[in-house]
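Asks: Line order of the protein sequences matches chains A, B, C and D. All letters in the first sequence, in the order written, are residues 40 to 351 by the numbering used here. All letters in the second sequence, in the order written, are residues 40 to 351 by the numbering used here. All letters in the third sequence, in the order written, are residues 40 to 351 by the numbering used here. All letters in the fourth sequence, in the order written, are residues 40 to 351 by the numbering used here.
Hints are computed from structural coordinates only; laboratory data are not their basis. Any given hint could turn out to be false.
No copy is singled out in the list; a pair is fine if it fits within one copy or between any two copies.
[Unchecked claim] No more than 25 Å apart at the CA atoms, straight line, and that leaves these computed lysine-lysine pairs for PhoX-like: (1) LYS293 - LYS338; (2) LYS338 - LYS318; (3) LYS52 - LYS111; (4) LYS318 - LYS67; (5) LYS338 - LYS110; (6) LYS67 - LYS335; (7) LYS111 - LYS292; (8) LYS110 - LYS293; (9) LYS111 - LYS318; (10) LYS318 - LYS110; (11) LYS52 - LYS338; (12) LYS52 - LYS318; (13) LYS335 - LYS52; (14) LYS67 - LYS338; (15) LYS67 - LYS52.
Chain residues, written in single-letter form:
Number of protein chains: 4
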Amino acid sequence: MTNLTDQQSLDIKAAREAVQPTRRTVSKGLEDILYEAIPVLDHGFIRVIDYMGDDGAVVQAARVSYGRGTKKVSEDRGLIHYLLRHWHTTPFEMAEIKLHVKLPIFVARQWIRHRMANVNEYSARYSILDREFYIPSPENLAAQSVQNRQGRGEVVGTEEAERVLRVLRDDSQQSYDHYLDLLNQDDTGRQIRDEERGLARELARMNLSLNFYTQWYWKTDLHNLMNFLRLRADPHAQYEIRAYAQVMLDILKKWVPHTYEAFREHRLESAIFSGEAIKALRRMLAGERVEHADTKMSKREWDEFVRTLQIS
Amino acid sequence: MTNLTDQQSLDIKAAREAVQPTRRTVSKGLEDILYEAIPVLDHGFIRVIDYMGDDGAVVQAARVSYGRGTKKVSEDRGLIHYLLRHWHTTPFEMAEIKLHVKLPIFVARQWIRHRMANVNEYSARYSILDREFYIPSPENLAAQSVQNRQGRGEVVGTEEAERVLRVLRDDSQQSYDHYLDLLNQDDTGRQIRDEERGLARELARMNLSLNFYTQWYWKTDLHNLMNFLRLRADPHAQYEIRAYAQVMLDILKKWVPHTYEAFREHRLESAIFSGEAIKALRRMLAGERVEHADTKMSKREWDEFVRTLQIS
Amino acid sequence: MTNLTDQQSLDIKAAREAVQPTRRTVSKGLEDILYEAIPVLDHGFIRVIDYMGDDGAVVQAARVSYGRGTKKVSEDRGLIHYLLRHWHTTPFEMAEIKLHVKLPIFVARQWIRHRMANVNEYSARYSILDREFYIPSPENLAAQSVQNRQGRGEVVGTEEAERVLRVLRDDSQQSYDHYLDLLNQDDTGRQIRDEERGLARELARMNLSLNFYTQWYWKTDLHNLMNFLRLRADPHAQYEIRAYAQVMLDILKKWVPHTYEAFREHRLESAIFSGEAIKALRRMLAGERVEHADTKMSKREWDEFVRTLQIS
Amino acid sequence: MTNLTDQQSLDIKAAREAVQPTRRTVSKGLEDILYEAIPVLDHGFIRVIDYMGDDGAVVQAARVSYGRGTKKVSEDRGLIHYLLRHWHTTPFEMAEIKLHVKLPIFVARQWIRHRMANVNEYSARYSILDREFYIPSPENLAAQSVQNRQGRGEVVGTEEAERVLRVLRDDSQQSYDHYLDLLNQDDTGRQIRDEERGLARELARMNLSLNFYTQWYWKTDLHNLMNFLRLRADPHAQYEIRAYAQVMLDILKKWVPHTYEAFREHRLESAIFSGEAIKALRRMLAGERVEHADTKMSKREWDEFVRTLQIS
């Protein structure tokens with residue numbers, strides 16, 4: 040499913056089998072999955088390539104300690120919750136993770152907007168991309184939302200879905216066929232027209248569409264990983280990048296269980312209430328009945344306020 | 040050529056006409072071209088939207104002065120050369136520029152790798168892209184280089200060029216036709232099929248190819264602008280991004296003439312010699328005849344060394 | 040009070056008087072105070088040296104528009120609130136400000152932790168610092184807090200305050216006397232001992248204490264300025280840096296009134312409620328009486344929860 | 040010499056003894072010294088706390104490979120030299136190192152200017168600093184340079200050195216005595232005056248001088264570590280920070296031997312020649328006799344040019 044070649048599978052297997060002793064902090068959860076390709080979408084994957092530190096690295100840095108820096112589990116857990124709740128974010132910058140990701144170009148374009156990370160991308164100036172493109176599954180084919188200009192509405196009907204998928208698939212195949220033609224080579228890498236050289240790779244690639252897969256090494260620290268997940272695991276994020284964020288949440292859980300728990304509690308499941316929202320809350324808790332018109336919140340903010348508090 | 044709509048031209052004209060007094064440093068060179076669309080490639084442009092500081096801001100910061108911080112022109116010029124030559128880069132971070140750029144997506148993908156900048160890109164999740172794609176002019180259609188895996192070789196022949204351009208043009212048109220079809224609208228924005236809603240914009244866009252134009256606001260400081268130009272105005276950069284860098288070099292010259300001059304002298308026209316290269320140089324200056332085999336330089340480094348020094 | 044020399048005052052006056060026309064966005068509020076030294080603490084100041092953009096630059100970037108990008112004031116204001124509330128922070132990176140700040144070294148050490156800014160500091164390797172050190176006013180002399188290891192408790196008594204201030208003042212004077220002695224010069228810059236050269240400046244400075252004043256040029260964007268203010272205008276921040284943040288809040292208000300209002304509403308006066316806090320809120324709004332023991336919040340979080348909602 | 044307490048030594052010993060298996064890349068050179076305190080100056084140290092990757096991580100990222108990514112040693116070495124020589128710096132961002140550093144505050148103030156790193160510093164708002172301050176050894180006591188405003192000249196004479204050291208030592212001791220007095224505690228942590236609480240720690244610390252030791256956890260990637268070393272291992276850097284850079288160079292050598300070698304060759308021992316310098320070189324190599332007056336180089340640049348090439 041992740042389309043690994045035999046050679047790639049062998050490389051991964053070999054890397055997994057080479058075990059050595061270390062004095063560093065070891066994360067059991069990540070060692071289990073190290074180097075393995077976790078499938079995402081139809082041809083994508085995430086592989087954990089390396090990591091530095093774990094929950095202990097966070098408390099060790101917060102305490103600027105000489106040893107491992109960890110005390111009793113309950114104290115460490117409490118400290119991590121406290122740090123995250125109060126936005127003391129620098130200790131979370133002390134743990135680091137490196138991923139190998141295969142992803143459609145339009146997802147890569149959203150992803151790269153997170154600048155606090157290190158990236159090495161597979162170069163289509165230098166190499167030739169594979170015939171691999173993303174085609175959504177029918178249940179992810181949604182119409183444009185009516186309420187929200189930036190979002191999806193209802194899933195499209197079966198017949199329409201078939202038509203859409205046929206267009207995407209045909210155009211992608213043709214786009215790749217012509218890419219090879221411009222490069223003057225066939226799928227096996229053999230030259231098509233003897234008499235001439237192919238077009239420069241850096242030019243030919245412009246004929247590929249945004250659903251083609253690219254890949255990169257991506258490295259970031261725990262603080263910035265959580266920033267990424269706060270935005271990209273959010274229901275407002277586009278489904279395709281959310282699929283990657285979902286896998287990364289699982290990785291986070293295996294890597295730093297206390298931080299993961301605190302992140303769920305104080306970021307993913309939390310809500311920010313504005314000054315006006317807090318005033319309304321105080322009145323409501325004092326027994327007053329408060330309507331939108333009684334507040335200075337915008338309609339949009341009020342709707343979210345009502346939804347979060349599950350009041351009707 | 041830059042395909043501005045009437046409304047866009049009017050907006051630019053109105054912005055240019057609103058002149059106000061300011062106590063800030065004013066760059067005559069940039070005021071002249073402010074807001075204007077300078078054409079790049081077939082449909083792209085660069086517009087200078089705003090700027091902060093000039094050559095004087097560099098010396099003012101280097102001197103942490105109370106007034107404008109500038110002394111005699113010759114002293115300021117000397118200081119700027121000195122700072123740049125010795126990689127004292129922080130004073131150059133004190134001037135800032137903001138551009139509005141329209142560029143093909145594959146160029147945007149290279150450009151965004153420069154992380155030390157602020158970016159707001161036109162959103163294809165939210166809005167619909169125009170029927171605008173980059174088609175190279177025949178003299179920029181080059182074959183893959185034989186020596187250099189990442190580069191262009193000879194320009195392709197006329198007949199072959201015609202074939203290549205036809206493929207690129209036809210695929211781009213079809214790619215956009217189908218994009219509109221997926222969105223269920225025609226070029227004028229009218230619905231095509233009454234009975235159904237179009238596909239979500241965030242999905243439909245994946246059918247577009249990498250030569251379609253996007254646009255963004257891009258802001259960076261003078262130091263990072265020079266970093267960008269050092270890499271992207273270089274002959275090894277891809278022609279298409281170099282076309283933008285070339286226009287930005289002109290902008291740099293209008294904005295900060297002393298810094299521009301120092302940048303040419305100490306970056307663009309400079310060369311770095313390694314420890315081994317310096318040893319070779321010393322022997323050569325002492326009258327010795329030195330061949331590659333007499334040094335520890337790699338073949339590649341030696342070739343560059345010979346080329347830079349124009350020795351045969 | 041800000042201890043400007045005559046020459047410095049003249050430099051500032053001259054800079055203020057040079058007015059020129061510009062096509063750029065002009066902030067009336069900042070032009071009024073441009074270059075002026077706004078006093079902070081006993082000898083410090085903040086001066087606005089330059090700026091780029093205003094509220095309009097935020098909406099212009101959010102809309103990637105061709106003209107000024109602003110529409111009706113109410114729409115612009117709504118957009119700014121929306122962006123800030125939803126943490127769409129990149130448009131706020133499109134406005135920039137540059138300050139000249141004079142501040143005690145121990146404040147500078149906290150300040151510099153905000154890395155997303157550009158800094159040029161007065162060099163004590165190169166130049167000689169002035170006899171200027173910070174002495175708190177008696178009402179800011181607080182005892183160590185008993186509840187909070189990182190904070191101040193009650194103001195110290197008059198007699199004790201006098202003793203403390205005498206120690207600080209005497210040590211600072213002596214520290215500076217010896218600094219000059221090591222440099223072999225007196226307050227007027229004249230050599231004390233003819234026969235010898237003074238100690239290198241980069242060494243002599245180590246004898247100065249952390250309350251001595253330094254100064255720097257500091258430049259950041261609107262987004263990062265708000266990040267700074269969110270942390271440093273907070274009651275938990277040390278009084279001395281808060282004094283600077285307070286002045287910067289006034290500057291923010293003059294510069295970008297809509298953003299300032301949204302910042303107050305959605306950052307300064309807002310509160311984050313964790314998943315558990317929201318569960319408790321829902322139960323309370325449904326009429327249930329909820330005690331700390333009924334929740335999974337830590338004692339500390341519960342106390343803040345109660346305080347924010349003003350429930351007893 | 041590094042003044043570790045018994046508890047600290049035990050903590051370090053315990054951390055070193057806990058060895059576990061890992062699938063990650065292991066650097067033999069760093070494992071040997073992991074956690075150990077390497078002395079710097081009179082009371083400072085550097086401890087390697089953690090690391091991620093090695094030379095192999097650089098080539099793995101440059102090749103975006105599935106396995107370890109390394110080929111033959113000679114190819115890997117060649118690639119690393121090539122990448123460094125051509126400023127392809129992103130692969131070097133893929134290896135990371137974390138240090139625990141104890142250093143004088145005036146050194147910390149220079150160090151922190153390198154923003155591309157993560158820092159957690161020991162908090163003097165929260166905790167009490169130890170009676171540890173830096174006193175230079177006599178051979179590092181230099182007079183102010185006459186040629187260079189930012190630098191040291193000759194070493195001061197024995198008698199004068201004794202006087203200087205006495206001033207520094209006495210003032211530091213008194214500074215700390217009064218710090219404790221303000222805190223109302225003695226060296227053992229016991230209260231001095233029963234009737235009153237001590238001054239808040241965040242205030243009392245301002246009486247300490249800049250030679251007192253602080254400590255922090257500092258983490259950066261290989262690319263930024265080399266940037267730091269290029270500037271701080273340079274002869275123009277202040278001796279005290281150079282002492283740390285020197286130890287870090289040894290660490291670099293143990294960690295990534297190929298990168299270290301390439302760094303020496305293409306950074307530390309390299310020189311940049313400006314456009315004018317290259318023109319001069321070409322003429323000299325063609326047999327012409329070139330004087331300063333025959334070029335457009337500044338006097339300063341010419342002097343460096345002559346020194347680098349060892350021509351008289």
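Asks: Each hint should be assessed against the structure and marked as holding or not.
Replies: Evaluated hints:
Taking CA atoms no more than 25 Å apart as the test, LYS293 paired with LYS338 passes in neither setting, with 40 Å inside one copy and 28 Å between copies. In the homo-oligomer, the alpha carbons of LYS338 and LYS318 lie at most 25 Å apart both inside one protomer (16 Å) and across protomers (23 Å), since each shortest distance falls under that limit. Only between protomers do LYS52 and LYS111 lie at most 25 Å apart by alpha-carbon distance; the minimum there is 20 Å, versus 37 Å within a single protomer. Within a single copy, LYS318 and LYS67 get their C-alpha atoms no closer than 47 Å, and across copies no closer than 33 Å, so neither meets the 25 Å cut-off.
Within a single copy, LYS338 and LYS110 get their C-alpha atoms only as close as 48 Å, which misses the 25 Å cut-off; across copies the closest is 20 Å, which meets it. Taking identical chains as interchangeable, the C-alpha atoms of LYS67 and LYS335 are never at most 25 Å apart, the minima being 51 Å within one chain and 28 Å between chains. Within a single copy, LYS111 and LYS292 get their C-alpha atoms as close as 20 Å, which meets the 25 Å cut-off; across copies the closest is 37 Å, which misses it. Taking the closest pair of Cα atoms, LYS110 and LYS293 come within 25 Å of each other only inside a single copy of the chain (21 Å); across copies the shortest separation is 32 Å, beyond that limit.
In the homo-oligomer, the alpha carbons of LYS111 and LYS318 never lie at most 25 Å apart, since the shortest distance is 40 Å inside one protomer and 28 Å across protomers. Proximity of LYS318 to LYS110 under the C-alpha cut-off of 25 Å is found in neither arrangement, the shortest distances being 40 Å within a copy and 30 Å between copies. In this homomeric assembly, LYS52 and LYS338 never come within 25 Å of each other (Cα to Cα): the closest approach is 55 Å inside a single copy and 36 Å across copies. In this assembly of identical chains, LYS52 and LYS318 lie within 25 Å of each other by CA distance neither inside one copy nor across copies; the values are 59 Å within and 46 Å between.
For the homomeric pair LYS335 and LYS52, neither the shortest alpha-carbon distance inside one copy (60 Å) nor that between copies (38 Å) is at most 25 Å. Neither within a single protomer nor between protomers do LYS67 and LYS338 lie at most 25 Å apart by alpha-carbon distance, with minima of 48 Å and 32 Å respectively. For the homomeric pair LYS67 and LYS52, the shortest alpha-carbon distances inside one copy (18 Å) and between copies (23 Å) are both at most 25 Å.
Hints 1, 4, 6, 9, 10, 11, 12, 13 and 14, counting from the list given before, are not met by this structure.
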